[in-house]
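Engineer: Sequence:
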Amino acid sequence: MTDTSAGDPVRLLESLIACPSVTPEEAGALDLLERELTASGFAVTRLRFEGDGSYPVDNLFAVRGNSGRRLLFAGHTDVVPPGDLANWTSDPFVPRQADGKLYGRGAADMKSGIAAFVAAAAAIPADAGTIMLAITNDEEADAINGTAKLMAWAEQQQHGFDFAIVGEPSSSATLGDSIKIGRRGSLSGLVVVEGTQGHVAYPDRANNPLPTLARIVTALSDVTIDAGTKHFPASNLEVTTIDVGNPISNVIPAKGSLRFNIRYNDLWTPETLAEWVRERIASVDHNGAKVSFSIPGAPSRSFLSPLSADVETLGDAIAAVAGKRPELSTGGGTSDARFIAQYGPVVECGLVGSSMHKADEHILISDLVGLTEIYRGFMARFFGLGA
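The letter at position 375 of the sequence shown is residue 375 when you use full-length UniProt numbering, and the numbering goes up by one with no holes.
Warning: the hint list may mix true and false statements.
With a cut-off of at most 35 Å between alpha-carbon atoms, the simulated DSBU-like pairs for lysine-lysine come out as follows [what the hints assert, rightly or not]:
no., residue 1, residue 2
1, 149, 358
2, 149, 230
3, 358, 324
4, 358, 101
5, 255, 290
6, 290, 101
7, 324, 230
8, 324, 101
Since the hints were made in silico from the structure, they are not lab data.
Full structure from sequences and hints, please.
Structural biologist: So this is what it looks like as C-alpha coordinates:
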(Lines of atoms letter the chains of each structure in order from A and count residues from 1; the text may use other names and numbers.)
(Lines give C-alpha, C1' and ligand atoms only; values in the text may rest on other atoms or scores of the structure.)
Protein backbone atom coordinates (compact mmCIF):
# COMPACT_ATOMS: atom_id res chain seq x y z
CA MET A 1 0.00 0.00 0.00
CA THR A 2 1.66 3.22 -1.13
CA ASP A 3 -1.36 5.48 -1.59
CA THR A 4 -1.07 7.26 1.74
CA SER A 5 -1.63 10.71 3.13
CA ALA A 6 0.48 12.27 5.87
CA GLY A 7 -2.68 13.74 7.38
CA ASP A 8 -4.50 10.40 7.61
CA PRO A 9 -3.07 8.29 10.47
CA VAL A 10 -5.07 5.17 9.64
CA ARG A 11 -3.93 4.96 6.02
CA LEU A 12 -0.37 5.81 6.99
CA LEU A 13 -0.32 3.12 9.68
CA GLU A 14 -1.70 0.56 7.25
CA SER A 15 1.08 1.38 4.81
CA LEU A 16 3.72 1.13 7.55
CA ILE A 17 2.39 -2.25 8.71
CA ALA A 18 2.66 -3.47 5.11
CA CYS A 19 6.43 -2.93 5.34
CA PRO A 20 7.84 -6.11 7.00
CA SER A 21 10.51 -4.16 8.85
CA VAL A 22 11.77 -6.84 11.24
CA THR A 23 14.98 -5.57 12.86
CA PRO A 24 17.21 -4.49 11.17
CA GLU A 25 15.50 -4.63 7.75
CA GLU A 26 13.95 -1.27 6.90
CA ALA A 27 11.77 -2.95 4.23
CA GLY A 28 10.56 0.36 2.80
CA ALA A 29 9.20 1.84 6.04
CA LEU A 30 11.74 4.67 6.12
CA ASP A 31 11.31 5.26 2.39
CA LEU A 32 7.58 5.69 3.02
CA LEU A 33 8.15 8.11 5.89
CA GLU A 34 10.63 10.11 3.85
CA ARG A 35 8.02 10.63 1.12
CA GLU A 36 5.29 11.57 3.58
CA LEU A 37 7.46 13.95 5.60
CA THR A 38 8.91 15.60 2.53
CA ALA A 39 5.36 16.22 1.30
CA SER A 40 4.65 17.98 4.63
CA GLY A 41 7.63 20.32 4.26
CA PHE A 42 10.25 18.41 6.28
CA ALA A 43 13.88 18.22 5.28
CA VAL A 44 14.81 14.55 5.63
CA THR A 45 18.27 13.09 6.24
CA ARG A 46 18.92 9.36 6.01
CA LEU A 47 21.76 7.98 8.10
CA ARG A 48 23.24 4.50 8.18
CA PHE A 49 25.27 3.54 11.24
CA GLU A 50 27.28 0.36 11.67
CA GLY A 51 30.07 -1.20 13.69
CA ASP A 52 30.55 -1.65 17.45
CA GLY A 53 29.85 -5.37 17.13
CA SER A 54 26.39 -4.97 15.65
CA TYR A 55 24.65 -4.98 12.28
CA PRO A 56 24.23 -1.89 10.04
CA VAL A 57 21.05 0.11 10.70
CA ASP A 58 19.16 2.67 8.61
CA ASN A 59 17.85 5.72 10.46
CA LEU A 60 15.94 8.89 9.55
CA PHE A 61 16.08 12.43 10.89
CA ALA A 62 13.58 15.04 9.72
CA VAL A 63 13.25 18.72 10.60
CA ARG A 64 10.80 21.46 9.69
CA GLY A 65 11.38 25.04 10.83
CA ASN A 66 14.45 26.76 12.23
CA SER A 67 13.13 29.11 14.92
CA GLY A 68 10.90 29.21 17.96
CA ARG A 69 10.45 26.36 20.40
CA ARG A 70 11.92 23.01 19.39
CA LEU A 71 9.99 19.75 19.72
CA LEU A 72 11.47 16.32 19.04
CA PHE A 73 9.47 13.17 18.35
CA ALA A 74 11.29 9.83 18.44
CA GLY A 75 10.27 6.32 17.56
CA HIS A 76 11.16 3.13 15.74
CA THR A 77 9.87 1.45 12.62
CA ASP A 78 11.41 -1.95 13.37
CA VAL A 79 9.23 -4.73 14.74
CA VAL A 80 9.80 -8.10 16.37
CA PRO A 81 9.38 -11.22 14.20
CA PRO A 82 5.78 -12.45 13.92
CA GLY A 83 6.61 -15.94 15.17
CA ASP A 84 4.50 -18.91 14.15
CA LEU A 85 2.15 -17.64 11.45
CA ALA A 86 -0.36 -20.33 12.42
CA ASN A 87 -1.11 -18.26 15.53
CA TRP A 88 -2.21 -15.29 13.43
CA THR A 89 -5.71 -14.93 12.04
CA SER A 90 -4.24 -13.42 8.87
CA ASP A 91 -0.90 -12.32 7.41
CA PRO A 92 0.79 -10.09 10.04
CA PHE A 93 2.11 -7.76 7.34
CA VAL A 94 -1.20 -7.29 5.57
CA PRO A 95 -3.15 -4.73 7.64
CA ARG A 96 -6.67 -5.85 8.49
CA GLN A 97 -9.59 -3.90 9.95
CA ALA A 98 -12.26 -5.69 11.94
CA ASP A 99 -14.66 -4.64 14.71
CA GLY A 100 -13.12 -1.18 15.03
CA LYS A 101 -9.60 -2.55 15.34
CA LEU A 102 -6.57 -2.49 13.07
CA TYR A 103 -4.46 -5.64 13.07
CA GLY A 104 -0.85 -6.19 12.02
CA ARG A 105 2.67 -6.50 13.37
CA GLY A 106 3.78 -3.13 14.67
CA ALA A 107 0.23 -1.80 15.07
CA ALA A 108 0.77 -1.19 18.80
CA ASP A 109 4.56 -1.20 19.01
CA MET A 110 4.98 1.37 17.63
CA LYS A 111 4.17 2.29 14.06
CA SER A 112 0.92 3.74 15.37
CA GLY A 113 2.77 6.39 17.37
CA ILE A 114 4.71 7.44 14.29
CA ALA A 115 1.60 7.54 12.09
CA ALA A 116 -0.27 9.64 14.66
CA PHE A 117 2.55 12.14 15.08
CA VAL A 118 3.19 12.55 11.34
CA ALA A 119 -0.54 13.14 10.81
CA ALA A 120 -0.69 15.62 13.69
CA ALA A 121 2.37 17.52 12.51
CA ALA A 122 0.81 17.92 9.07
CA ALA A 123 -1.93 19.99 10.73
CA ILE A 124 0.49 22.40 12.44
CA PRO A 125 1.53 25.54 10.50
CA ALA A 126 5.08 25.28 9.20
CA ASP A 127 6.06 28.59 10.82
CA ALA A 128 4.80 27.66 14.30
CA GLY A 129 8.19 26.46 15.51
CA THR A 130 10.68 23.67 14.94
CA ILE A 131 9.51 20.06 14.74
CA MET A 132 12.00 17.20 14.48
CA LEU A 133 11.64 13.44 14.14
CA ALA A 134 14.33 10.89 15.02
CA ILE A 135 13.29 7.49 13.68
CA THR A 136 15.38 4.34 13.96
CA ASN A 137 15.00 0.76 12.77
CA ASP A 138 16.93 -0.76 15.69
CA GLU A 139 14.96 -0.57 18.93
CA GLU A 140 13.76 -4.14 19.29
CA ALA A 141 17.18 -5.82 19.20
CA ASP A 142 20.74 -4.54 19.76
CA ALA A 143 19.87 -0.81 19.90
CA ILE A 144 23.52 -0.02 19.12
CA ASN A 145 23.41 1.63 15.70
CA GLY A 146 20.08 3.34 16.21
CA THR A 147 18.83 6.09 18.49
CA ALA A 148 22.03 6.41 20.56
CA LYS A 149 24.11 7.27 17.49
CA LEU A 150 21.28 9.22 15.87
CA MET A 151 21.05 11.53 18.89
CA ALA A 152 24.83 11.98 19.01
CA TRP A 153 24.71 12.97 15.33
CA ALA A 154 21.81 15.37 15.99
CA GLU A 155 23.76 17.09 18.75
CA GLN A 156 26.75 17.51 16.43
CA GLN A 157 24.40 19.12 13.91
CA GLN A 158 23.08 21.43 16.67
CA HIS A 159 19.59 19.97 16.56
CA GLY A 160 18.84 20.69 20.21
CA PHE A 161 15.32 20.41 21.59
CA ASP A 162 13.22 21.90 24.38
CA PHE A 163 11.06 18.82 24.87
CA ALA A 164 10.82 15.33 23.39
CA ILE A 165 8.07 12.74 23.05
CA VAL A 166 8.69 9.06 22.35
CA GLY A 167 5.65 7.40 20.83
CA GLU A 168 5.97 4.07 22.65
CA PRO A 169 2.70 2.48 23.84
CA SER A 170 2.62 4.11 27.28
CA SER A 171 -1.10 3.80 28.04
CA SER A 172 -2.07 1.01 30.42
CA ALA A 173 -5.74 0.17 29.89
CA THR A 174 -7.26 3.16 28.08
CA LEU A 175 -5.85 5.86 25.85
CA GLY A 176 -4.01 8.52 27.82
CA ASP A 177 -4.38 6.92 31.26
CA SER A 178 -0.59 6.93 31.67
CA ILE A 179 2.55 8.56 30.31
CA LYS A 180 6.07 7.63 31.28
CA ILE A 181 8.24 10.35 32.76
CA GLY A 182 11.17 8.02 33.40
CA ARG A 183 12.39 4.46 33.20
CA ARG A 184 14.32 2.14 35.42
CA GLY A 185 17.81 1.17 34.42
CA SER A 186 18.87 -2.37 33.59
CA LEU A 187 22.19 -4.01 34.42
CA SER A 188 22.98 -7.65 33.66
CA GLY A 189 25.82 -9.48 35.35
CA LEU A 190 27.82 -12.68 34.95
CA VAL A 191 29.68 -14.29 37.84
CA VAL A 192 32.06 -17.20 37.20
CA VAL A 193 33.53 -19.27 40.03
CA GLU A 194 36.49 -21.50 39.17
CA GLY A 195 37.69 -24.26 41.47
CA THR A 196 39.59 -27.50 40.90
CA GLN A 197 38.00 -30.50 39.24
CA GLY A 198 38.29 -33.87 40.96
CA HIS A 199 36.71 -37.13 42.07
CA VAL A 200 33.92 -36.82 44.60
CA ALA A 201 35.55 -39.58 46.67
CA TYR A 202 38.67 -37.43 47.09
CA PRO A 203 37.39 -33.93 47.91
CA ASP A 204 40.71 -33.04 49.51
CA ARG A 205 42.28 -33.20 46.05
CA ALA A 206 39.72 -30.81 44.52
CA ASN A 207 38.05 -27.49 45.26
CA ASN A 208 34.33 -27.54 44.59
CA PRO A 209 33.28 -24.12 43.26
CA LEU A 210 29.56 -24.69 43.82
CA PRO A 211 29.34 -23.92 47.56
CA THR A 212 31.03 -20.58 46.83
CA LEU A 213 28.64 -20.00 43.93
CA ALA A 214 25.68 -20.76 46.19
CA ARG A 215 26.92 -18.29 48.82
CA ILE A 216 27.25 -15.60 46.14
CA VAL A 217 23.70 -16.28 44.91
CA THR A 218 22.43 -15.82 48.47
CA ALA A 219 24.52 -12.69 49.02
CA LEU A 220 23.11 -11.08 45.88
CA SER A 221 19.47 -12.12 46.11
CA ASP A 222 18.71 -12.16 49.84
CA VAL A 223 19.24 -8.46 50.46
CA THR A 224 17.22 -5.29 49.89
CA ILE A 225 19.10 -3.05 47.49
CA ASP A 226 17.12 0.08 48.39
CA ALA A 227 13.66 1.20 49.46
CA GLY A 228 12.74 3.01 46.24
CA THR A 229 12.27 6.71 45.57
CA LYS A 230 9.37 9.10 45.06
CA HIS A 231 8.80 8.07 41.45
CA PHE A 232 10.46 4.64 41.32
CA PRO A 233 9.93 1.30 43.10
CA ALA A 234 12.76 -0.43 44.94
CA SER A 235 15.59 -1.75 42.79
CA ASN A 236 15.34 -5.50 42.24
CA LEU A 237 17.85 -8.24 41.40
CA GLU A 238 16.74 -11.52 39.86
CA VAL A 239 19.08 -14.48 39.31
CA THR A 240 18.15 -15.78 35.85
CA THR A 241 20.33 -18.88 35.50
CA ILE A 242 22.91 -21.00 37.34
CA ASP A 243 25.04 -23.15 35.04
CA VAL A 244 27.53 -25.89 35.80
CA GLY A 245 27.50 -28.11 32.72
CA ASN A 246 28.35 -31.22 34.69
CA PRO A 247 26.15 -34.28 33.99
CA ILE A 248 28.44 -36.67 35.92
CA SER A 249 27.50 -37.45 39.51
CA ASN A 250 30.97 -38.54 40.67
CA VAL A 251 32.94 -35.57 39.34
CA ILE A 252 33.45 -32.32 41.22
CA PRO A 253 33.07 -29.64 38.51
CA ALA A 254 35.83 -27.21 37.60
CA LYS A 255 33.60 -24.16 37.52
CA GLY A 256 30.10 -22.78 37.68
CA SER A 257 28.45 -19.52 36.69
CA LEU A 258 25.39 -17.44 37.39
CA ARG A 259 23.65 -14.66 35.49
CA PHE A 260 21.41 -12.00 36.94
CA ASN A 261 19.64 -8.80 36.02
CA ILE A 262 18.99 -5.73 38.16
CA ARG A 263 16.23 -3.26 37.34
CA TYR A 264 17.22 -0.18 39.28
CA ASN A 265 15.94 3.29 40.14
CA ASP A 266 17.46 6.75 40.01
CA LEU A 267 19.51 6.19 43.18
CA TRP A 268 22.04 4.28 41.12
CA THR A 269 24.25 4.44 38.06
CA PRO A 270 25.72 1.39 36.34
CA GLU A 271 29.05 2.26 37.95
CA THR A 272 27.78 2.51 41.53
CA LEU A 273 25.60 -0.57 41.10
CA ALA A 274 28.53 -2.61 39.76
CA GLU A 275 30.52 -1.60 42.83
CA TRP A 276 27.65 -2.75 45.04
CA VAL A 277 27.73 -6.15 43.31
CA ARG A 278 31.49 -6.44 43.81
CA GLU A 279 31.10 -5.67 47.51
CA ARG A 280 28.42 -8.33 47.89
CA ILE A 281 30.61 -10.90 46.14
CA ALA A 282 33.58 -9.98 48.31
CA SER A 283 31.49 -10.41 51.48
CA VAL A 284 31.35 -14.21 51.17
CA ASP A 285 34.04 -16.86 51.74
CA HIS A 286 35.54 -17.84 48.37
CA ASN A 287 37.31 -20.88 49.87
CA GLY A 288 40.27 -20.42 47.55
CA ALA A 289 38.15 -20.36 44.37
CA LYS A 290 38.75 -17.81 41.64
CA VAL A 291 35.75 -15.50 41.24
CA SER A 292 35.21 -13.10 38.35
CA PHE A 293 32.41 -10.63 37.68
CA SER A 294 31.62 -9.03 34.32
CA ILE A 295 28.82 -7.01 32.74
CA PRO A 296 27.72 -8.42 29.35
CA GLY A 297 26.52 -5.78 26.93
CA ALA A 298 25.85 -2.15 27.74
CA PRO A 299 23.73 -1.34 30.82
CA SER A 300 20.67 0.88 30.41
CA ARG A 301 20.73 3.96 32.61
CA SER A 302 17.71 5.06 34.60
CA PHE A 303 16.30 8.50 33.93
CA LEU A 304 13.63 10.81 35.30
CA SER A 305 12.45 13.82 33.35
CA PRO A 306 11.68 17.02 35.25
CA LEU A 307 8.01 17.68 35.98
CA SER A 308 7.97 20.81 33.86
CA ALA A 309 5.29 23.04 32.39
CA ASP A 310 5.59 21.01 29.18
CA VAL A 311 4.60 17.83 31.02
CA GLU A 312 1.60 19.74 32.38
CA THR A 313 0.78 20.92 28.88
CA LEU A 314 0.85 17.34 27.62
CA GLY A 315 -1.48 16.41 30.47
CA ASP A 316 -3.83 19.19 29.36
CA ALA A 317 -3.85 17.85 25.80
CA ILE A 318 -4.55 14.33 27.02
CA ALA A 319 -7.35 15.47 29.35
CA ALA A 320 -9.00 17.34 26.49
CA VAL A 321 -9.26 14.08 24.52
CA ALA A 322 -9.42 11.33 27.16
CA GLY A 323 -11.40 13.22 29.79
CA LYS A 324 -8.83 12.98 32.57
CA ARG A 325 -5.18 13.64 33.22
CA PRO A 326 -2.66 10.80 32.91
CA GLU A 327 -0.82 8.98 35.66
CA LEU A 328 2.89 9.83 35.67
CA SER A 329 4.60 6.44 35.49
CA THR A 330 8.11 5.01 35.46
CA GLY A 331 7.03 1.38 35.11
CA GLY A 332 7.95 -1.19 32.51
CA GLY A 333 11.25 -2.09 30.95
CA THR A 334 13.64 0.08 28.98
CA SER A 335 13.13 2.09 25.81
CA ASP A 336 15.11 4.35 23.51
CA ALA A 337 14.00 7.29 25.66
CA ARG A 338 17.05 6.49 27.80
CA PHE A 339 19.29 7.71 24.98
CA ILE A 340 17.27 10.88 24.43
CA ALA A 341 17.23 11.76 28.15
CA GLN A 342 20.96 12.46 27.95
CA TYR A 343 20.20 15.50 25.78
CA GLY A 344 16.98 16.93 27.19
CA PRO A 345 13.60 16.27 28.85
CA VAL A 346 11.64 13.38 27.37
CA VAL A 347 8.40 11.55 28.08
CA GLU A 348 6.72 8.56 26.47
CA CYS A 349 3.17 9.01 25.23
CA GLY A 350 1.40 6.50 23.03
CA LEU A 351 -1.37 3.94 22.69
CA VAL A 352 -2.36 0.96 24.84
CA GLY A 353 0.29 -1.73 24.47
CA SER A 354 -1.49 -4.85 25.72
CA SER A 355 -1.18 -6.68 22.37
CA MET A 356 2.40 -5.69 21.50
CA HIS A 357 4.71 -8.55 20.47
CA LYS A 358 1.72 -10.94 20.46
CA ALA A 359 0.03 -12.75 17.61
CA ASP A 360 -2.83 -10.69 16.17
CA GLU A 361 -1.26 -7.47 17.47
CA HIS A 362 -3.83 -4.70 17.15
CA ILE A 363 -5.06 -1.29 18.23
CA LEU A 364 -8.42 0.44 18.43
CA ILE A 365 -8.79 2.71 15.42
CA SER A 366 -10.55 5.24 17.64
CA ASP A 367 -7.46 5.29 19.88
CA LEU A 368 -5.24 6.04 16.89
CA VAL A 369 -7.47 8.97 15.96
CA GLY A 370 -7.47 10.09 19.59
CA LEU A 371 -3.68 9.90 19.88
CA THR A 372 -3.37 12.00 16.74
CA GLU A 373 -5.59 14.63 18.35
CA ILE A 374 -3.55 14.48 21.57
CA TYR A 375 -0.35 15.13 19.63
CA ARG A 376 -1.98 17.90 17.61
CA GLY A 377 -3.41 19.53 20.71
CA PHE A 378 -0.11 19.33 22.52
CA MET A 379 1.79 20.87 19.61
CA ALA A 380 -0.74 23.68 19.34
CA ARG A 381 -0.26 24.49 23.02
CA PHE A 382 3.50 23.91 22.94
CA PHE A 383 3.93 26.40 20.09
CA GLY A 384 1.50 28.93 21.57
CA LEU A 385 -1.25 28.41 19.00
CA GLY A 386 -3.96 27.69 21.55
CA ALA A 387 -5.82 24.42 21.97
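Engineer: Are the hints correct? Go through all of them and say.
Structural biologist: Results for each hint:
A hinted pair counts as satisfied when its Cα atoms are at most 35 Å apart, and residue 149 with residue 358 qualifies at roughly 29 Å. Proposed proximity of residue 149 and residue 230 is supported: the alpha carbons are some 31 Å apart, at most 35 Å. Taking the CA atoms of residue 358 and residue 324, the gap is near 29 Å; set against the 35 Å cutoff, the hint holds. For the proposed pair residue 358 and residue 101, the alpha carbon gap of about 15 Å is at most 35 Å, so the pair holds.
Between residue 255 and residue 290 the CA atoms are separated by roughly 9 Å; this keeps the pair inside 35 Å, and the hint holds. The suggested pairing of residue 290 with residue 101 is violated, with an alpha-carbon distance near 57 Å, which exceeds 35 Å. Between residue 324 and residue 230, the direct Cα distance comes to roughly 22 Å. Compliance with the 35 Å bound is thereby established for this hinted pair. Using a Cα cut-off of 35 Å, the hinted pair residue 324 and residue 101 holds, with the two alpha carbons roughly 23 Å apart.
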